[in-house]
Amino acid sequence: MPIVVRLDRVMLERKISLTELADRVGITLANLSILKTNKARAVRFSTLDALCRELHCQPGDLLDYTEGHEET
Amino acid sequence: MTTIGRTSLAATLKVALDVVWWLMIVLAALYVLEAMVGLRDGPAAPRVNLVAPFELMESAYRIGAAELGVESVQFEAVSGTLTFHTTSATLLVMWFAISFAVIGTTLWIVLMLRRILGTLVAGAPFTRANASRLQVIGALVLALEVTRTVLISAQSLYLQSRFTADGVRFVTALRPNLGVLLLGFLLLVIAEVFRQGAAMREEQALTV
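Chains as they are written, first to last, in the numbering used here: chain A, 1 to 72; chain B, 1 to 208.
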């Protein structure tokens, strides 16, 4: 999928773990892991809102559009 | 009562279907036992039941309703079951092969239904496996009805050639049960609905 999630990069900058972020955002660790590893098919606005709130960032900091990007 | 889960209508239906399943197993076992005992007993020849569509000769009966202004009434699309004992090996082999095929197919359909209800009780009915099960059940229902129709016609031909009957004429009309055929097609359509549902569920599972 051309949309690439850069959550790992922002989490590293903010020095926050996956477990803590999942707890703060209010989604399961499994779901956050799905998002972080680019396996998600869709993201709810409510989830995006919570991530931006907790990571103090913009949606564009988390999502990149890369034409021709293949899923790993 | 909820629709899914352990205390749901689905759970109640599953229990009922489980009872039906085990009853069918016992009855099938008794049928096999009876067939084996019957075959072994020789003089006590096994009993065969053949479905036989027939026409009643007009001279064999007279029905009317003078008050309604009806002078003569005819029976149409009449069908019955001929029951007789036989020692014909050919007939017995055919009869038991057909019986076991029907029993086996029916047991398979009930097994598929139990598995579908199991997923409903677990709260996850929209799976690709259930779509495939429904597709198989639909195809089996259609195949069974077509086969039943053809077999009954073949039986009628056999009866016409081997049996004599006074007042009765065996017919070989193909009379499929349109309701059963419609049910088979309906199940195939529902299978596709379940396939779409499974795809939507998989999409939803990967929606964060």
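Some clues are possibly wrong.
[To be verified] Beta-carbon label-pair distances, calculated as ranges:
id: 1; chain 1: B; residue 1: A101; chain 2: A; residue 2: D8; range: 39 to 47 Å
id: 2; chain 1: B; residue 1: F185; chain 2: A; residue 2: E54; range: 48 to 56 Å
id: 3; chain 1: B; residue 1: A124; chain 2: A; residue 2: K15; range: 32 to 40 Å
id: 4; chain 1: B; residue 1: F185; chain 2: A; residue 2: G26; range: 45 to 53 Å
id: 5; chain 1: A; residue 1: L29; chain 2: B; residue 2: V19; range: 24 to 32 Å
id: 6; chain 1: B; residue 1: V189; chain 2: A; residue 2: D8; range: 40 to 48 Å
id: 7; chain 1: B; residue 1: L33; chain 2: A; residue 2: L29; range: 53 to 61 Å
id: 8; chain 1: B; residue 1: V189; chain 2: A; residue 2: L63; range: 45 to 53 Å
[To be verified] Quick list of in silico lysine to any residue cross-link-like pairs, SDA-like style, CA-CA up to 25 Å:
id: 9; chain 1: A; residue 1: K39; chain 2: B; residue 2: R201
id: 10; chain 1: A; residue 1: K39; chain 2: B; residue 2: A129
id: 11; chain 1: A; residue 1: K39; chain 2: B; residue 2: V110
id: 12; chain 1: A; residue 1: K39; chain 2: B; residue 2: A124
id: 13; chain 1: A; residue 1: K36; chain 2: B; residue 2: R201
id: 14; chain 1: B; residue 1: K14; chain 2: B; residue 2: G197
id: 15; chain 1: A; residue 1: K39; chain 2: B; residue 2: A198
id: 16; chain 1: A; residue 1: K36; chain 2: B; residue 2: E202
id: 17; chain 1: A; residue 1: K36; chain 2: B; residue 2: A199
id: 18; chain 1: A; residue 1: K39; chain 2: B; residue 2: Q196
id: 19; chain 1: A; residue 1: K39; chain 2: B; residue 2: E202
id: 20; chain 1: A; residue 1: K39; chain 2: B; residue 2: K14
id: 21; chain 1: A; residue 1: K39; chain 2: B; residue 2: L206
id: 22; chain 1: A; residue 1: K36; chain 2: B; residue 2: E203
[As the list claims (entries may be wrong)] A few chain A positions that, by computed beta-carbon distances, are all more than 12 Å from chain B:
id: 23; residue: K15
id: 24; residue: E20
id: 25; residue: I27
Worth flagging that the hints you see were computed from the coordinates, not collected in a lab.
Heads up, the beta-carbon is just placed ideally off N, CA and C, and yes, glycines get one too.
Hints the structure fails to honour: 1, 5, 8, 11, 20, 25
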